[in-house]
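Using the hints, build the complex out of the two chains.
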Amino acid sequence: MSEFIKNKVLAGERLTKQDAVSLFKSDDIFSLGRLANNIAEKKNDKSAYFIVNRHINPTNICVNRCKFCAFSRSKGEFGAYELTIEEIIEKLRVANCELRISEVHMVGGLHPDWPFEYYINMLSEIKKEFSAIAIKAFTAVEIDYLSKISGLSLADTMVKLKKNGLDLMPGGGAEIFVEDVRNKLCPEKISGDRWLEVMEAAHMAGIKTNATMLYGHLESIEDRVDHLLRLRELQDRTGGFQAFIPLSYHPRNTEIGGFYSSGIDDLKTIAISRLVLDNFDHIKAYWIMLGEKISQVALLFGADDLDGTIIEEKITHSAGAMSEEGMTREELTHLIRKAGKIPVQRDAFYNAI
Amino acid sequence: MKRIDKDTALRLLKNSDILDLGEKADNIRKTLHPKAVVTFIVDRNINYTNVCINKCRFCAFYRDAESPDAYLLGKDEIFKKIDETIALGGTQILLQGGIHPELEMDYYIDLLKSIKDRYSINLHGFSPPEISYLADKHDLTIRETLVILRQSGLDSIPGGGAEILSDRVREILSPKKIKSSTWLKVMEEAHNIGMRTTATMMFGSVEEPEDIIEHLDAVRNLQDKTGGFTAFIPWSFQPGNTELIRNSEFGIRNSATAVDYLRALAVSRIYFDNIKNIQASWVTQGLKLAQVALRFGANDFGSTMIEENVVRAAGVNFCVSKEDIIQAIKSAGFKAAQRDTYYNIIADI
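Going down the list, the protein sequences come from chains W and S.
Those letters in the first sequence? Residues 1 to 353, per this note's numbering, in order.
Those letters in the second sequence? Residues 1001 to 1349, per this note's numbering, in order.
Isolated chain S (complex conformation) (with noise of 0.2 Å):
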C-alpha cells in the first residue's frame, strides 16, 4: 500500500467521486481486517464534572462552578457507576470531565487509586486539556504529570479535545483550550511512557478541507514516531445548544451531512497507513449512518456508550442498547466481536 501525500488526501477529500472514495477506503478496511469482524467495546462515559474553564464554542456539555446545574460526582456516585458497568460486562470505564479550576492533582491520585483498589478495569481516562492543565498547576512537566496519573491507575488516553489540530481553527472554536502543539506533546508523552491512547477529530465546524488534512498529517506523523495511536476516531460537530450556532457571527449554519462524514471518514482510512483502527461514531450519526460507515472505511463501532453525556448535551439522543449494536453490525454484513481497550478480541458474539 502506497503512503498518499497531503495534496492527494485533499483533492480526494475535495473533488473525488464519492463512491469511488468508499470503495477505496473500504478495500483498504478489508486488507487490514480481512475477517469480516466488525469490533465493540462495552464501557461507560463517567463525565465526573460538567465544570468547565475553557468553555468551548462548540461544547452544549460545559457549566460555570456557580451554575444551577454545576455538578462534581462524589465516589460513591462514581464506584455506582462502575458497578453497574461490571454488571453489563464492561470492560472499561472513560473517565473525563471539564476542566475544573478547584480540583488538585490529590484528586485525581486519590479517585485513581480508589477505582484501583476496588475494581479490575481499564481506566481510559483525561484528554490531553486535563493532563496539561494538571501540570501547569502543579508545576509538573506533561511526562511527569502523566507518570503520576499512571502509578495511581490510569491505563490509557482518550483522544478527545483535538477538535482540529489548526491552531487558526481553535482560535475560534475553543480560544482557551490547548493548542495543537500541546495535544500532540501530551500524546507523545504518554506514547513514550508506554500508555496508547486514541485520537479524534471534530470536524465540520468552521474548519476548511486544508485544515483536516493538516489535522490528518499532524496524526500521522506522530504515529510514526511513536506508534501509540491504537484507533482514529471522527466525528462531527453538532450544533444543538452551542455558542457557535447560537451566534451568528460564525457563519454556521448547517451541520456536516452524511455525505460529509462518510468522505471525511474514507479518506481518514486511507491517509492512516499507520493506524489500524478506524471508528463509526453511530454517537453523532445514528445507527444506520454508521452501518453505511463500515463500508466507508470503519472496521469499529466504539463503545456501547452505558452512559453517555457530551453529545447528548447538544440534543442528539440515539437510544441505544448493547444488542442494538450487535444486531447492527451483523445486520450491515459483519460478525460482531467485543473487544478490550487495545482491541484484543474477548468474546466473539
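The following block holds chain W by itself, in its conformation from the complex (with noise of 0.2 Å):
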C-alpha cells in the first residue's frame, strides 16, 4: 500500500476515487486490513456487535423479478408464498419467547394486489403486541413501491409508515448504483438515483437506515468505488445511515450465473468501504452473505457487526448461501472473542444491551 493512502488516512483525510481504485488493486491486504482495522478501533474501540433479531420475509411474491434473484416467484408460480399478519405475528411470538429479540427484520417481494393498508397494518399489529421489539422493515424498493400504490409522496410515505411502527429501514436494493450495470442486473428495479432520493426522504423522517452493495456480478471496481462514493456523499448531507453492508454476490439459481466472489475479495471490499466511508459509524460483515467463517476474518479487516441470530433466512439460501439459517448468541460472542474483539449485544440502534 502507497505510504501516500496509509498517511492520508491516519490524517483523518478524505480518500478520493483515484486512491479507493489503487486500494482494489492492490494485492497488499495485510497493509489495508491493518489500516481499516485501525479505523475501526478508533470508531468502536474493539467492540464487534451482535443483535438477537429474527428475520422475516412476508412474501417472495414479486412484481420485479431481478435477474440476480432466486427467492423472488410470481403470483400462483409454484414455490410462491404469502405470509398473513397473524403467521407474521406467531413468528415473532415464538422467536420472542425462546430469546427475546430486539428487532424484527421484515424485507419481502412487490406484491401486485397488497394495498398499502396491509402494510400498514403490519406495522401497527406488531407494534401493538410487541412495543419492545424494533421494526426495521422495507427496502427503499418497497417504499418507493408503497409510495406508488398508496398515491402518496415519499415524504408522506415515510411519516404514516413512521406512524405506524416503522422504526427503521434495512439498506437492501441499493445493489449496484452505476446505471449500464444496474440495467443488466435489474432493469425492473428503481434507478440508483431513486434509492438515494428515498433514503433521504427516510432520514429527513427521522427514520435510521442501513445502506448496502450487491459486488461480484458485472461491476467493475471504478463502479464499487462510485457506489461508496455516492452513499459517502448522501450520508454528508443527512447522517441518516447507522451501517453499511458489502453483500457478495452469490451465482446458484440466478439468470446471471458466474462465480462465488473470492474471501479476498470479501476482506478487501470490507476494509476499502470502511476506509472510504469515513462518516458511517459501522460496517457490517453480513454472515449469511459472507459465511461464518469470512464473517469472523473480516472482523480484522474493518468490520465492526456480525449482525445477528436472524433464525430464519430465505432470500441468500434460495442462491446457494453456504452458511446457517441462524446462529446463536454463544455462536456469534465465540467468533467474535476468537478474533480478538470484545462483543457487545446491541439494540437496533447499537445501543449496547
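It should be emphasised that the hints constitute simulated quantities derived from the structure, not laboratory data.
This one's a predicted model, so the numbers in the text were calculated from it and none came from an experiment.
Here a beta-carbon is modelled for each residue, glycine too, at the ideal position from N, C-alpha and C.
Hints should not be assumed to be uniformly reliable.
In silico BS3-like links for lysine-lysine, alpha-carbon gap of 27 Å or less [what the hints assert, rightly or not]:
{"no.": "1", "chain 1": "W", "residue 1": "25", "chain 2": "S", "residue 2": "1035"}
{"no.": "2", "chain 1": "W", "residue 1": "42", "chain 2": "W", "residue 2": "25"}
{"no.": "3", "chain 1": "S", "residue 1": "1024", "chain 2": "W", "residue 2": "25"}
{"no.": "4", "chain 1": "S", "residue 1": "1322", "chain 2": "W", "residue 2": "6"}
{"no.": "5", "chain 1": "W", "residue 1": "148", "chain 2": "W", "residue 2": "75"}
A few chain W positions that, by computed beta-carbon distances, are all more than 12 Å from chain S [to be verified]:
{"no.": "6", "residue": "73"}
{"no.": "7", "residue": "93"}
{"no.": "8", "residue": "118"}
{"no.": "9", "residue": "129"}
{"no.": "10", "residue": "155"}
{"no.": "11", "residue": "165"}
{"no.": "12", "residue": "197"}
{"no.": "13", "residue": "205"}
{"no.": "14", "residue": "255"}
{"no.": "15", "residue": "259"}
{"no.": "16", "residue": "278"}
{"no.": "17", "residue": "301"}
{"no.": "18", "residue": "330"}
One-sided excerpt, in silico: chain S residues whose CB lies under 10 Å from chain W [to be verified]:
{"no.": "19", "residue": "1026"}
{"no.": "20", "residue": "1257"}
{"no.": "21", "residue": "1259"}
{"no.": "22", "residue": "1286"}
{"no.": "23", "residue": "1312"}
Below is the structure:
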C-alpha cells in the first residue's frame, strides 16, 4: 500500500476515487487490513456488535423479478407464498419467547395485490403486541412501491409508516448504482438515484437506515468505488445511515450465473469500505452472505458488526448460501472473542444491551 | 531464513497479531513458491471400509462390523470408482479405511496388485494406524509390512491418523489408536525405504497450543532426518455426529473458528522450513476461507476429492467441482496447476 494513502487515512483525510481504486488493485491485504482495523478501533474500540433478531419475509411474490435473485416468484408460480399478519405475529411470538429479540428485519417482494393498508396493519399489529421490538422493514425499493400504490409522496409515505410503527429501514435494493450494470442486473428495479432519494426522504423523516452494495457480479472496481462515494455524499448531508453492508453476490439459481466472489475480495471490500466511508459509524460483515468464517476474519479487516441470530433466512439461501440459517448468541460471541474483539449485544440503534 | 524455535512458535500461535502473522507466512510462501502458482491434484478418496475397531471419539465415519450401515467395498465397486476417476483426469487414488478386524495381509496384497494390474495410477494409501495394525497382526516389523505393501503396488502414504502427536491428547481423543511414536516410526520407515508421505494435524478439539507446537516439532525433527514429507496439511476438528461433541464431559462447546485455522496454518508455514508445501483444507474450511489461506501460508489446494466420506459424515459438505477449485484459485489471484502426488506440475490451467 502506498505511504501516501496510509498517511492520508491516518491524518483523517478523505480518500478520493483514485485512492479507492488503487486500494482495490493492490494485493497487499495485510497493510489494508491493519489500516482498516485501526480506523474501526478508533470508531468502536475493540467492540464487535451483534443483535438478537429475527428475519421475516412476508412474501416472495414480486413484480420485479431481478436477474440476480433466486428468491422471488410470480403470483401463482410453484413455491410462491404470502404470510398473513397473524402468521407473522406467530413467528415473532415463538422467537420472542425463546430469545427476547430486539429487532425484526422484514423485507419481501413487491406484491401485486396487497394494498398499502396491509403494510400499515402489519406494522401496527406487530407494534401493538411487541412494543419493545424495533421494526426494521422495507427496502427503498419497497418504499418506492408503497408510495406508488398509496398515491402518497415519499415524505408522506415515510411519515405514515413511521407513525404506524416503522423504526428503521434496512439497506437492501441498492445493488450497484451505476446505470449500465444496474440495467443488466435488475432493469425493473428503481434507479440508483431513486434509491438515494428514498433514503434521503427516510432520513429526513427521522428514520435511520442501512446501506448495502451487491458486488462480485458484472461490476468493475470503478463501479464499486462510485457506489461508495455516492453513499458517502448522501451521508454527509443527512447522517442517517447507521451501517454499511457489502453483500457478496451468490450465483446459484440466478439468471446472471457466474461465480462466488473470492474470500480475499470479500475481505478487501470490507476494508476499503471502512476506509472510504469515513462518515459511517459501522461496517457490517453480514454472516449470512459472507459465511461464518469470512465474517469472523472480516472483524480483523475493519468490520465491527456481524448482524445477528436471524433464525430463518430465505433470500440468500435461495441463491446457494453456504452459511447456516441462524446462529445462537453463544456462537456469535465465540466468533467475536476468538477474533480478539469484545462482543457487544446491541439493540437496533447500536445501544449496548 | 532463520529457523524458529518452539518458544517463538508458541508465542506466535498464542499472542501474535494475526495479520502480522499472516504476512510473515505469506512472505515465506512467496519465497518458496515465487511463481504464484497454486497446485491441486485430481484424485478420489476411496474408503474401502467404514468398519473400525479404533472408534476415535472425534470420528463420525466409523461403524461396528455388526452395524446395519457397515460396509466393505468389493473389488468391482473399487474398480468402477477408479474408472470414473481416470475418466475425470485423476492421477491418484487415496485408499483408506477403518481398521477392519477381519482383513488380513492377503486382502491388501490382492487388492493392491489387482488395481495395479489394471491401472496406471498412483496409489496413496493406508495411514500409519492401518499399517501398524497389519504389522502387529502378522507379527511383522513395520518395515517388513511396508516393503510387502510397496511390492504389491502401494506408492505413497497419506499423513492421516496423526491427529495431535501428543499422547496426553491421544489418550482423550483416540485411546485405541497408535501412539505418537508409532505414527512417527511408520513414517520414518516409509521414508527410509523411499516412499513419500504427507503429514497432517487435526486441531481444535481438546489440545492446548503447546500440543500443537509439540506436533509441529515432532514432524519437523523427522523431516530433518528423512526429508520424506511432501506436504503438511492442518485441518480443524469437525464436531458433527461425533462422540467428542455428544458427550459433554469432554468440554468441547465450539469448533475451531476461521481465525484459529489461519493461525495454525500460518504458524505451520513459518515453522516448517524443511517442508515445501502446505495445503489449504477447503474440505473443512470451505472455498472462501481456503482462498484466504493462500495468503496465510498455503500454496496447495489439495485434492479435488471426487469422493470424500469422512468429513462428510461429520455433517460438513461443500459441494465443489474441479472447475470450482480452478476458479477459486484464479479468483484468489493465483495461477492454477494440476500436480501429481509428488508435486510435479502435470498441467498448467
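Status of each hint after checking the structure:
no.	hint	in the structure
1	W/25 / S/1035	19 Å, holds
2	W/42 / W/25	25 Å, holds
3	S/1024 / W/25	21 Å, holds
4	S/1322 / W/6	39 Å, violated
5	W/148 / W/75	20 Å, holds
6	73	24 Å, holds
7	93	29 Å, holds
8	118	39 Å, holds
9	129	34 Å, holds
10	155	42 Å, holds
11	165	37 Å, holds
12	197	35 Å, holds
13	205	38 Å, holds
14	255	19 Å, holds
15	259	5 Å, violated
16	278	21 Å, holds
17	301	8 Å, violated
18	330	7 Å, violated
19	1026	7 Å, holds
20	1257	4 Å, holds
21	1259	5 Å, holds
22	1286	6 Å, holds
23	1312	14 Å, violated
Hint check: violations occur at hints 4, 15, 17, 18, 23; the rest are consistent with the structure.
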